Structure formats: structure tokens, C-alpha cells
Amino acid sequence: MSRTVVVIGSSIGGVRTAQALRSEGFDGRVVLVGEESAMPYDKPPLSKQVLAGQWTPDRTELLSAEAAQRERIELRLGVAATRLDIAAKQVHLADGTRIDYDNAVIATGASARPSPWRPGSGVHVVRSLDDSLALRADLLRDGPVVVVGGGFIGAEAAATARGLGHEVTVVDPMPTPIGRVVGPEIGQYFTELHHRHGVTTRFGTGVEGIEGTAGDLRVRLTDGTELAAATVVVGIGAVPNDEWLADSGLPIENGVMCDEFCRALDAHDVFAIGDVARWYHPGHREYVRVEHWTNAVEQGVCAAHNIARPDDLRSYRPVEYVWSDQYDWKVQIVGRPTRGTRHEVVGGLTGVKPRAAVLYTDEDGHLLGVVTVNWPKALVQCRRLVTDHASFDEALERVTTLDASSPPRPPRPAVPAAPEALPAAPAAGGDHG
Amino acid sequence: MPVLKADFAACQGYANCVDAAPTVYDIDDDGIVVLLRETITDEERPRIEEAARSCPVSALTIEDE
Ligand SMILES: Cc1cc2nc3c(=O)[nH]c(=O)nc-3n(C[C@H](O)[C@H](O)[C@H](O)COP(=O)(O)OP(=O)(O)OC[C@H]3O[C@@H](n4cnc5c(N)ncnc54)[C@H](O)[C@@H]3O)c2cc1C
Ligand code: SF4
Chain A
307 MSRTVVVIGS
317 SIGGVRTAQA
327 LRSEGFDGRV
337 VLVGEESAMP
347 YDKPPLSKQV
357 LAGQWTPDRT
367 ELLSAEAAQR
377 ERIELRLGVA
387 ATRLDIAAKQ
397 VHLADGTRID
407 YDNAVIATGA
417 SARPSPWRPG
427 SGVHVVRSLD
437 DSLALRADLL
447 RDGPVVVVGG
457 GFIGAEAAAT
467 ARGLGHEVTV
477 VDPMPTPIGR
487 VVGPEIGQYF
497 TELHHRHGVT
507 TRFGTGVEGI
517 EGTAGDLRVR
527 LTDGTELAAA
537 TVVVGIGAVP
547 NDEWLADSGL
557 PIENGVMCDE
567 FCRALDAHDV
577 FAIGDVARWY
587 HPGHREYVRV
597 EHWTNAVEQG
607 VCAAHNIARP
617 DDLRSYRPVE
627 YVWSDQYDWK
637 VQIVGRPTRG
647 TRHEVVGGLT
657 GVKPRAAVLY
667 TDEDGHLLGV
677 VTVNWPKALV
687 QCRRLVTDHA
697 SFDEALERVT
707 TLDASSPPRP
717 PRPAVPAAPE
727 ALPAAPAAGG
737 DHG
Chain B
587 MPVLKADFAA
597 CQGYANCVDA
607 APTVYDIDDD
617 GIVVLLRETI
627 TDEERPRIEE
637 AARSCPVSAL
647 TIEDE
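The listed protein sequences correspond, in order, to chains A and B.
By the working numbering, the letter at position 375 of the first sequence is numbered 681, and the numbering carries on one by one without gaps.
By the working numbering, the letter at position 18 of the second sequence is numbered 604, and the numbering carries on one by one without gaps.
Simulated from the structure, these hints should not be mistaken for laboratory data.
Since the structure is predicted, the reported quantities are computational estimates derived from the model, not experimental observations.
Don't take every hint at face value.
Said to hold, decoys possible - Covered stretches of chain A (in silico footprint by chain B; criterion: 3 or more residues with CB under 8 Å from a CB of chain B, positions within the stretch not fixed): (1) 324 to 337; (2) 684 to 691.
Unchecked claim - Computed from the model, here is a short list of chain B residues facing chain A with C-beta under 10 Å: (3) Gly599; (4) Tyr600; (5) Ala606; (6) Ile613; (7) Asp614; (8) Asp615; (9) Asp616; (10) Ile618; (11) Arg631; (12) Pro632; (13) Glu635; (14) Glu636; (15) Arg639; (16) Val643; (17) Ser644.
Ideal Cβ placement from N, Cα and C applies to all residues, glycine included.
If we strip away everything but chain A, and leave its shape as in the complex, we get:
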């Protein structure tokens, strides 16, 4: 008898799960439900290439209608799931219909944490394609930009707004905003990165209120000063989209609680993946939730495997990986750097387009995480070293050897004179932020 898998959420996690079901040999029905009516699209370019106007929105498409048909993925777009009935094994949709499932995969992701400050207009978050396009429309007008939040999204939005020629100020109550991810010492270099590109930072200062309307906003800070802004971007984190599951009976704790096989606790025919899932990581021996692109893909593949092959359950124990493009820095982070107590820098973090790897270790001498800047080759090696539980000393030696064997090259010109002569040049993208 043919089984039905209903995947709820039609962005990177949901789409890749549906496709992986086919790769894993699942032959039953696959239904992909999505709240947004647009064809599934990808998010990382929304604070980078799309916001900068370098990419048209269609370049973010994740799944075309033809590809969906070819892979026999039934699309139900433009309709939100409103309820999950785990006893009747049904997903309820906003248009009143219900879909029976044998397995459900919750991939509803997260939403931008809403701005607590709501003046008439001119305050933006960046999560959906519409958000990005609305912000871009405001950025096409002159006037200073204030970015609240110096995390990944805030830093990328600041870099992009600066690239469009705006005067930009980043405000964050943390002394070094990216410090939560890379530690305060390395965070200092990220602060310098902003400054080198002419962006003002007000770190260690919070926002008290925002008044006015688009084009004429005033941002009041906790130290009593006021910043004038035409546009404000608020990037203060994300909240998992789990409220529609409140009456499902599934355990929810800031995310859908899952076991190491990506199955919801107490309901093993329901899976959750991506930004919305909090699962037991057997390597870390704790429940974690990760808001990274690669995690949504890998967890989707794992869930698909476990649905297609219940006789061969795979546990999900990834090494964390996230990238971020800020100004001329391509930042790649693997593992859990801030669990370390000590770090060592190979290469340099200052000057124009530097190249570096920062390795983090604990008291026991394990390699816990690595941050690389403009050095994908080192990233590949470090990702393997973290996966293999390498010792810090061994990892340091390997990366130092790599550094000596392939010295950094001079930065590529921002605009190549003859692009066709440089087939390996990266596409116009994050480099200009």
C-alpha cells in the first residue's frame, strides 16, 4: 500500500526533504505544503545579493514546477498548516482541507523576532523575500541607515546598505556582537571590519525607542543619544514557527522536541527538521536547535532516510557549519568555537581581504571549532578535523602547514577587467556585501 509523506514548510529544509525522499527510494506520495504562494525560494541571498540588487529574485528559486513534477512532489502552496492531529494522522490546512499522512515532516522554520519598536513605517526585518524587497525599496532612497543587531543578518544588512552608498550605524547591546559565536577577542576584529568599511558602531548600547516615519526616523539609545535614520533594519534573532502545533500534544520547547533520529518525542511518525527542530544530539549529549542553512539540508536528508528506511535508522549528529558574507570577508564557522577556552590564529585578520583560520580548544586539548576568513581550503580541512575529533595540536600543525604550502594570493580586483578571462572568479556576490 502506498504511503503518504506530508512535508510542512516549503523553504530549503522542506524542499530538500521532499527531494531526498525520492533519492532514498521512497515511492509513495510526497506532498509539500507552504504558507507562501511564491515558488519555494532560498533565504541567504536575501540579506546579500538580492538586497544589493545583484541578483533578481528568481535566482533564489529552490524548486521549479517542472522539477516538482519530475520528482513527483505535489505542491500545496499559498496555504498554511493550522493544526496537526497526531491521533487521526491529519494535517489541517487554512482553507479547511485536511491531508491524511503516514509520516509528517515539520519544516516550518523560524520567523524574524519582531521589532519591539513600531513607529509608523520605515522599520524592517529580513526573513522573507517580501521583507528583502521592501527593505531594498527603502534603501534605494537616500538617507542614513541604522541597523539594530550586529549578528549575521545585521552585519550583512549593514555591509549591503554601505555598499549601496548609505551612511550606516550598527547598534547592539553586546560589547562585540558576533562575540556570541566567535568569542569577544575575535569579535573585536569584526568590529574593526565594520570600521574599515566606514560603518559606525555603537556596541554596548541598546535601543530605547524609535519614532517617526520612513525617511524621517529617530532612534533613541539607552545612553541618551539619538540617531537620525531614513531606514532602520532590526535583526535581533529568530523565533521558531511552532505556535501552530500548540494543541498537537507534541512536546514543544522553543522548537519541536525530537529524538536523535529527527522524530518528534512521543510521536515517531512525525519528524521535524531545520530551524524549527530541537533534537537530541548524541555527540553533544544535549538538545540543540540550529539556525543554519546546511543544517536544514542535512537534517532533511537524515529524516528522509529514516522515513524511507525505517529498518536502518540513522542518528543525526552533525558538526555545525555556517557561513556569512560581510564586506570583503567570507566567514565560515565550523563546530562550536565558543565552547573553547583558548584559541590560536593562523594567518591574519587585518588589512584588505585577509586570510585566516582561528582554531578553538578546551582544557582537554580537543579541537572544538574553527572560524575561517577568506580561506575555504582551510575550512574544508578543519571541518574534517572537527568531525574526526582531532586534537588541537594536530589541527594547528595541519593548518600551519597548509598556510606555508599555499601562501595567500593578492586579492582579486573588485571588478575584473576581462571577466571572461577569469573563469574561476567568484560570481558577483557577497564580496561586495
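Please build the complex by placing chain B with the ligands on the supplied structure of chain A, with the hints as guidance.
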């Protein structure tokens, strides 16, 4: 036989492909993907397909020849 293709200009060195399928994808000193083989077998295809779909800029494809 399925043939591996890469859009070298689109590649951003995110290296997900190398992590997922180190026997067919690698990365050079400039952080650009390198195809270690031209073709793959049909048995390998599902695994390599998943690796290709883990590329954040969709630079990798597998074509039938
Ligand atoms: C601007 C931006 C830039 C980013 N840049 C990077 C980066 O450089 N590197 C990186 O690693 N990560 C980045 N991320 C994070 C990465 O994009 C996320 O981790 C990833 O999108 C998570 O995928 P997901 O499918 O789990 O959830 P989401 O992408 O949040 O998708 C969830 C989908 O479910 C839908 N949905 C929600 N509720 C319902 C419902 N009730 N019924 C039906 N559908 C519903 C939503 O409309 C959405 O389409 C970025 C995120 C953003 C917003
Ligand atoms: S995953 Fe894509 S962007 Fe990354 S190295 Fe491979 S081809 Fe290039």
C-alpha cells in the same frame, strides 16, 4: 553514464559538496570546486545527487549523457 557538471563561476567555496562527497568533489587553493571525476555510476547517483543539492548556490548538476 551520469556526468558531473559544475558552474565554476557560481561556486562560492562553501564546501558543502566536499563534505558530502569527498570522492568526487574537492576544492582548490582559491576556494573553487574541483571535479575529481567526470562520470559516476548509477549506484552512486543518489548519494552524489544529495551532495550536489547541498550546494548553497546550486553550482553542481548531474546530467545524463
Ligand atoms: C536573510 C537571511 C540570511 C541568511 N544567511 C545565511 C547564511 O549566510 N548562511 C547560513 O548558513 N544560514 C543563513 N541563514 C539561515 C538559513 O536561511 C536558515 O537556517 C534556513 O532558511 C532554515 O530553513 P528551514 O527550511 O528550516 O526554515 P525556513 O527557511 O524558515 O522556511 C520555513 C518555511 O515554512 C513556511 N511556513 C511557516 N509556517 C508555516 C505553516 N504553518 N504552514 C505552512 N508553511 C509554513 C514558511 O513560509 C517558510 O517558507 C539566513 C537566513 C536569513 C533569513
Ligand atoms: S558546495 Fe557549491 S559553492 Fe560550495 S564548493 Fe561546492 S560547488 Fe562551490
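Verification of the hints:
A count of 5 residues in the region 324 to 337 of chain A with a Cβ less than 8 Å from any Cβ of chain B is obtained; the coverage claim is therefore met, three being the minimum. Using a Cβ-Cβ cut-off of 8 Å, 4 residues of the region 684 to 691 of chain A lie near chain B, which meets the minimum of three, so the contact claim holds. About 3 Å separates the beta-carbon of Gly599 (chain B) from the nearest beta-carbon of chain A, less than 10 Å, and the hint is met. Taken as an interface hint, Tyr600 (chain B) checks out: its beta carbon lies about 6 Å from the nearest beta carbon of chain A, inside 10 Å.
Using the Cβ-Cβ criterion of 10 Å, the hint placing Ala606 (chain B) at the interface with chain A is satisfied: the shortest such distance is roughly 8 Å. Proximity of Ile613 (chain B) to chain A holds as hinted, the smallest CB-CB distance being about 5 Å (cut-off 10 Å). Given the 10 Å rule on beta carbons, the hint for Asp614 (chain B) holds: about 7 Å separates it from the nearest Cβ of chain A. The interface hint given for Asp615 (chain B) is met, as the beta carbon of that residue sits about 4 Å from the closest beta carbon of chain A, less than 10 Å.
Residue-level restraint check for Asp616 (chain B) holds (minimum Cβ-Cβ distance to chain A is 6 Å; threshold 10 Å). For Ile618 (chain B), the suggested interface contact is upheld, since its CB lies about 5 Å from the closest CB of chain A, less than 10 Å. Here the hint on Arg631 (chain B) is kept, as its CB sits about 8 Å from the closest CB of chain A, short of 10 Å. Because the closest C-beta pair between Pro632 (chain B) and chain A is about 4 Å apart, less than 10 Å, the hint holds.
A cut of 10 Å between beta carbons decides the hint on Glu635 (chain B): the least distance to chain A is about 5 Å, and the hint holds. Look at Glu636 (chain B): its Cβ gets to within about 6 Å of chain A, closer than 10 Å, so that hint holds up. The interface hint given for Arg639 (chain B) holds, since its Cβ lies 6 Å from the closest Cβ of chain A, which is under the 10 Å cut-off. Of the supplied interface hints, the one on Val643 (chain B) holds, with its beta-carbon coming within about 8 Å of a beta-carbon of chain A, less than 10 Å.
Using the Cβ-Cβ criterion of 10 Å, the hint placing Ser644 (chain B) at the interface with chain A is satisfied: the shortest such distance is roughly 8 Å.
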